[in-house]
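Participant: Since chain E is already given, all that's left is putting chain D on it; use the hints.
Now for the letters of each chain:
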Amino acid sequence: MSDSTAVAHAAPEHGHEEHPAFLRHHFENVEQQADAAGFAMWLFLLTEVMFFGGLFTAYLIYRNWYYPAFVAASHQLSIPLGGFNTLLLITSSFTMAMGGWCAEMRKKSGLVLCLVLTFILGLGFLGVKTVEYKEKIEMNHVPGFHFSLDSFTHPDPNNPATAKDQPLATDMARHTEIYFSLYFAMTGMHALHMVIGIAILGFMIFRAQAGAYTEGHVTFVENFGLYWHFVDIVWIFLFPLLYLISRHS
Amino acid sequence: MTDQKEMEAASHHIVSPVIYVVILFALLVGTAATVWASYVDLGVFNPILAIGIACTKATLVVLFFMHVKYSSRLTKLTVFCGVFTFLTLIGMTLADYISRAWGSW
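So the sequences go chain by chain: E and D.
According to our numbering, the first sequence holds residues 140 to 388 in order.
According to our numbering, the second sequence holds residues 9 to 113 in order.
Please keep in mind that the hints were generated in silico from the structure rather than gathered at the bench.
Note that beta-carbon positions come from the ideal geometry of N, C-alpha and C, so glycine has one too.
Treat the hints loosely; a few may be bogus.
[Unchecked claim] Simulated restraints, written as ranges between beta carbons of each label pair:
{"id": "1", "chain 1": "D", "residue 1": "Ile22", "chain 2": "E", "residue 2": "Asp295", "range": "28 to 38 Å"}
{"id": "2", "chain 1": "D", "residue 1": "Val52", "chain 2": "E", "residue 2": "Ala338", "range": "21 to 31 Å"}
{"id": "3", "chain 1": "E", "residue 1": "Phe178", "chain 2": "D", "residue 2": "Ser107", "range": "36 to 46 Å"}
{"id": "4", "chain 1": "E", "residue 1": "Pro306", "chain 2": "D", "residue 2": "Val37", "range": "14 to 24 Å"}
{"id": "5", "chain 1": "D", "residue 1": "Ser107", "chain 2": "E", "residue 2": "Ser248", "range": "28 to 38 Å"}
[What the hints assert, rightly or not] Rough simulated footprint, nothing fancy, chain D against chain E, three-plus residues with beta-carbon under 8 Å:
{"id": "6", "segment": "169-176"}
{"id": "7", "segment": "190-204"}
{"id": "8", "segment": "221-233"}
{"id": "9", "segment": "295-302"}
{"id": "10", "segment": "329-337"}
Next comes chain E alone, as it looks inside the complex (with noise of 0.2 Å):
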């Protein structure tokens, strides 16, 4: 009993100086650790894939079904907005990208810039977002009790996004809610992940003005851009998907 205890506490004091701080035991080099834990990484975006990908899928069959009512609900969408924000979203990524390379190259002040800018590049995509949003109040487009068919029976003609769609009947407009629907389900889970992108972001922040990921231990700036690049690829297609469906009729 007692010889065993003597060896458990004699094993860690043995091989403790030759290894960074931040390598675990249970891996046996850095490599092998950022390895790991940029598989994990991976496993979990697969399943935000999948669950992104349900969304989309009824995207794309209630497309199918109603497309006269989406084409009417997505002229109501601003492409200024929603390409200004695709903009700032993939300006994000190139600085996240750029972070990831000053954690590489041990840059502590680049790195702290580049979350910076990834930070405010975020806050402005929900800003406008929420601009979106508050005009979609406005105009009684939120599903629910309130929601008005007003703009798809009747399309106003002082609009040049919708002045040359033809009135829908009421029961093909009815479907516009289930655009919107989808619309605020798959940007407001969009959005909840960009949320969460700039608290961690801003954690990250102060970690760096720490010297935290400039010290030779980048696997969390790392995997963060994985999730960070992420989110940008399911706005890449939402954009095109809701805001571009047939924009020339």
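Facilitator: Okay, now just chain D, sitting in the frame of chain E:
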């Protein structure tokens, strides 16, 4: 310190900022192209082109921003499995959708 840096460089590829700038530029061009294409009447090819551009942009992000091009075969296989499973599930759902007499009951 130098030894440690060399070891890291050997164990994993550090993507150059030049590549990131090129990819950023390609993604911006892709965004402009997808907006432009939606205003051109291509009939059934409108959504196909939109999805095509989006897939190209997503592939660029996965390969370069997410470093899959420079990653281990395990990571590449993982990503491929995810895409494959997703497409299988969508394909099977749509096969059910087209082959059913919706609305006739």
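Participant: Next step is simple, just say for each hint if it's right about the structure.
Facilitator: Structure-based check of each hint:
{"no.": "1", "hint": "D:Ile22 - E:Asp295: 28 to 38 Å", "verdict": "53 Å, violated"}
{"no.": "2", "hint": "D:Val52 - E:Ala338: 21 to 31 Å", "verdict": "43 Å, violated"}
{"no.": "3", "hint": "E:Phe178 - D:Ser107: 36 to 46 Å", "verdict": "38 Å, holds"}
{"no.": "4", "hint": "E:Pro306 - D:Val37: 14 to 24 Å", "verdict": "37 Å, violated"}
{"no.": "5", "hint": "D:Ser107 - E:Ser248: 28 to 38 Å", "verdict": "60 Å, violated"}
{"no.": "6", "hint": "169-176", "verdict": "holds (count 4)"}
{"no.": "7", "hint": "190-204", "verdict": "holds (count 7)"}
{"no.": "8", "hint": "221-233", "verdict": "holds (count 7)"}
{"no.": "9", "hint": "295-302", "verdict": "violated (count 0)"}
{"no.": "10", "hint": "329-337", "verdict": "violated (count 0)"}
Hints 1, 2, 4, 5, 9, 10 from the earlier list are contradicted by this structure; the remaining hints agree with it.
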